[in-house]
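*Asks:* Keeping the supplied structure of chain A fixed, place chain B upon it in accordance with the hints.
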Amino acid sequence: MTDVPPVVARGLVKRYGELVAVDGVDLTVERGDVFGYLGPNGAGKTTSLRMLLGLIRPTSGRAELFGRDPMLAGAKALDGVAGFVEGPRFYPYLSGRRNLELLADYDEPRSRARIDEVLELVELRDRAKDRVGGYSHGMRQRLGIAAALLRKPRLLLLDEPATGLDPAGMRDMRDLIRRLAREGLTILLSSHLLHEVEELCNRVAIIRKGTIVYQGALGDLLATASTGYRLRTRDPQRALAVCLAQRGIDDVSADGDELRFSADEDAVAELSIALGEAQVPILQLVTDAASLEDLFLGMTGGESSDHDRVPAAVR
Amino acid sequence: MTAVARIYRWELAKLLAQKRTYLGIGAAMLVPVIFVVVLQIQSGGPNDVPLGRYIRDSGIVTPLVVLLFMSIWGFPLITALVAGDIVASETHNGTLKTILTRSRDRGEVFAGKTLAAFTYTLAVVVGMGVVGVVAGSIAWGFHSFTSLSGTPVGAGRGLGLMFASLGVYALPLAGIAAFGLLLSTITQNSAASVVGTLMFALLMQLIGVLPGTESIRPYLLGTQFDAWHGFLRTPADWAPVVRAFWLSAIYIVVPLLAAYVVFLRRDVAGE
Numbered sequence: 001m002t003d004v005p006p007v008v009a010r011g012l013v014k015r016y017g018e019l020v021a022v023d024g025v026d027l028t029v030e031r032g033d034v035f036g037y038l039g040p041n042g043a044g045k046t047t048s049l050r051m052l053l054g055l056i057r058p059t060s061g062r063a064e065l066f067g068r069d070p071m072l073a074g075a076k077a078l079d080g081v082a083g084f085v086e087g088p089r090f091y092p093y094l095s096g097r098r099n100l101e102l103l104a105d106y107d108e109p110r111s112r113a114r115i116d117e118v119l120e121l122v123e124l125r126d127r128a129k130d131r132v133g134g135y136s137h138g139m140r141q142r143l144g145i146a147a148a149l150l151r152k153p154r155l156l157l158l159d160e161p162a163t164g165l166d167p168a169g170m171r172d173m174r175d176l177i178r179r180l181a182r183e184g185l186t187i188l189l190s191s192h193l194l195h196e197v198e199e200l201c202n203r204v205a206i207i208r209k210g211t212i213v214y215q216g217a218l219g220d221l222l223a224t225a226s227t228g229y230r231l232r233t234r235d236p237q238r239a240l241a242v243c244l245a246q247r248g249i250d251d252v253s254a255d256g257d258e259l260r261f262s263a264d265e266d267a268v269a270e271l272s273i274a275l276g277e278a279q280v281p282i283l284q285l286v287t288d289a290a291s292l293e294d295l296f297l298g299m300t301g302g303e304s305s306d307h308d309r310v311p312a313a314v315r
Numbered sequence: 001m002t003a004v005a006r007i008y009r010w011e012l013a014k015l016l017a018q019k020r021t022y023l024g025i026g027a028a029m030l031v032p033v034i035f036v037v038v039l040q041i042q043s044g045g046p047n048d049v050p051l052g053r054y055i056r057d058s059g060i061v062t063p064l065v066v067l068l069f070m071s072i073w074g075f076p077l078i079t080a081l082v083a084g085d086i087v088a089s090e091t092h093n094g095t096l097k098t099i100l101t102r103s104r105d106r107g108e109v110f111a112g113k114t115l116a117a118f119t120y121t122l123a124v125v126v127g128m129g130v131v132g133v134v135a136g137s138i139a140w141g142f143h144s145f146t147s148l149s150g151t152p153v154g155a156g157r158g159l160g161l162m163f164a165s166l167g168v169y170a171l172p173l174a175g176i177a178a179f180g181l182l183l184s185t186i187t188q189n190s191a192a193s194v195v196g197t198l199m200f201a202l203l204m205q206l207i208g209v210l211p212g213t214e215s216i217r218p219y220l221l222g223t224q225f226d227a228w229h230g231f232l233r234t235p236a237d238w239a240p241v242v243r244a245f246w247l248s249a250i251y252i253v254v255p256l257l258a259a260y261v262v263f264l265r266r267d268v269a270g271e
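Top to bottom, those sequences are chains A and B. One point on numbering: in my numbering, the residue at position 274 of the first sequence is 274, and numbering is uninterrupted. One point on numbering: in my numbering, the residue at position 252 of the second sequence is 252, and numbering is uninterrupted.
Extracted from the complex, chain B is given alone in its bound form:
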């Protein structure tokens, strides 16, 4: 095992030993369950969102509709909860100096932390997806459903598309995680980083709905949360998916690079 892999493993172990990790993953898994239960009790449905009308067609649709509802602040908050804390909490505990006086370079420590934050981000999205499909399928069965273009999608292929959608959805979320890491590194304060990251995510959404921002809208981070819609058209619309890839890459790399440089040069003193 390389050094970074060892650090990554310990970063995951540390996350698994902390309450906030379970708070985030728990919340992400609870939302689809609540969603399904409420729709079982009520007769109406979320008809004003894409796929909302077909929510009772198949359990596969459940996670996709939940994605739409959690884009504004749900997933950004859950992501910020860990990404904003992952460096700041070590400064707060004083443990950063403990691990930086062993044999690992700062760059390796930073890489391990980044990978762990991304892993958590992916885990909450996939966790929501799995719970959503199971809960939805218990309520409405595991059937074929109707795509955004109005054509039927078989259950097996639909499940694959659903997970592909979750993967594409996780890309802009990783951008938010990267921003959280940056704030965590700069502010050295967990609460400030979590709130600041959430503010950033909300701001990205806000700019997108302001009048006159139509020309830049495709390039905003918030817009990329809808890129997966392309998968659910017939034929598949790859343009938004491709854009989500390279744009999210920019939103990930720029803050990460900045955070890396700060982390490498920063004074590690007491609080």
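Isolated chain A, as found in the complex:
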């Protein structure tokens, strides 16, 4: 039982009349993964998560959480599992604390004793007495995490946890997710933001129009793809010469003291040695986030509705 993967989905299909929302999705999330489920809005992420949680019945295929199918095992399949789909929802006429008390009573074992602890963790203790109806979007999002953590889960399913949050809220949410991952939780997190997944996840699945177009380690995805890089140096002229002479370094262009080129990881590794041997002082050698975005857009057919993307932080 202990080596059963937290999430296994095989051939999941969900059809609504003519519309095929999810079309044969296979997913495997291993223990300890922070798994990014990436795709444009409407690609089928939320529908997949609903099937994993047993909220909707797959047209065909099956989903298992720690080896238990929610369609067969009912709520038992959710032992050790928590999370939310499509934003957490609460009773607006009850306070935050009352909402958690209610949910704690729906848990097995009951989890009331942990309420203060999780409220503290998401920094909602001061507002716990207020009705949820008066909460901001960010507070509800945090209460959603608190409600999930009440269950002491081993697997956390989060649907777009940072969407709609302000930049500070997004940062706090990501810090929290990183912290939970460090504590050994397996996390499956859906997102339409590539940089969010890149920042948090070790493995990804990319879904497009209900079909998985890539699944594997994030590092492999980045390594196999020819990605854009930026190089800042004290000696742009000599760096340019080294780059032009180096095999596997393409599309080189100079822009002030910054060079841009595309290459795969192996070529970049060799380039850094060559630069060192040529005594070119490197200030910065980083992947160009914009070209990662292109990679994602290429895979998802350019359908990303990635409007609320914050500018990629300098890394």
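Hint data in this document are derived by calculation from the structure and do not stem from the laboratory. Incorrect hints may appear among the rest.
Restraint-style ranges between C-beta atoms, simulated for each label pair [said to hold, decoys possible]:
id	chain 1	residue 1	chain 2	residue 2	range
1	B	236	A	69	36 to 46 Å
2	B	9	A	120	51 to 61 Å
3	B	9	A	73	21 to 31 Å
4	B	16	A	79	25 to 35 Å
5	A	69	B	16	35 to 45 Å
All residues carry an ideal CB built from backbone N, CA and C; glycine is no exception.
*Replies:* Just chain B, lined up with the frame of chain A:
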């Protein structure tokens, strides 16, 4: 406490935190008060309904006469208000998925909701009864009164019969609650369920007054609202009471079973 009992307790807590619950219970308690006040101001009385002529004999008669007036749509509407909403509002709020991703099976959640809807139904009837007796007794005193067979009924025994009548009256009302639960589960829309349930109740009454329906009349849900008359005859006429029990059971169980199956299998998605 078992899981269902815990869910039931929370369902009651949720009802107590919502305005519509008080709207229903408030209306049920207000009607007998208005009734008594109007009869205090006016000299006439509801002479054309059973017991109406004896309304001023004793406060115990007040709730019984109010029952007659609220059968057509008053109590059905008050019942539908909560029963039609109890599943649909959770779909609307998105909270159904919140509670269904904890450790409780759908069947347990459904059982808790059903019990809460029935509890509310019984509470509005009993609430009306208590307020009616108190208001009526303040106006006309707490005395013996005349039964439907014309014999006197002592105050103590009369009070017992009155509450027994309320209990029997609540049976067909529970049938309406069960129908409301079914609509609430299927339509996932609170307004549609409340209106649909009221329509069902009115239709049941309507069929009963159409000519040519005499043979099926004893088996209609609406007819069971008068079953308690049997208690107030001397000797008591048990036949309508017994029929109300088993017929209401059918009217309760059939929609409940259907609602249960739908609730168990249904996709819980957004609106």
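*Asks:* How does the Cβ-Cβ distance of residue 9 (chain B) and residue 120 (chain A) compare with 51 to 61 Å: does it lie in that range?
*Replies:* violated, 27 Å
*Asks:* 35 to 45 Å was suggested as the range; check whether the CB atoms of residue 69 (chain A) and residue 16 (chain B) agree with it.
*Replies:* holds, 37 Å
*Asks:* Falls inside 36 to 46 Å, the C-beta gap from residue 236 (chain B) to residue 69 (chain A)?
*Replies:* At roughly 56 Å between Cβ atoms, residue 69 (chain A) and residue 236 (chain B) fall outside 36 to 46 Å, so the hint is violated.
*Asks:* Mind checking the hinted window 25 to 35 Å against the Cβ distance between residue 16 (chain B) and residue 79 (chain A)?
*Replies:* Holds, since residue 16 (chain B) and residue 79 (chain A) (Cβ atoms, about 31 Å apart) stay within the stated range.
*Asks:* Given a hint of 21 to 31 Å, does the C-beta separation of residue 9 (chain B) and residue 73 (chain A) actually sit inside it?
*Replies:* holds, 26 Å
Checked against the numbered hints above, the structure breaks hints 1 and 2 and satisfies the rest.
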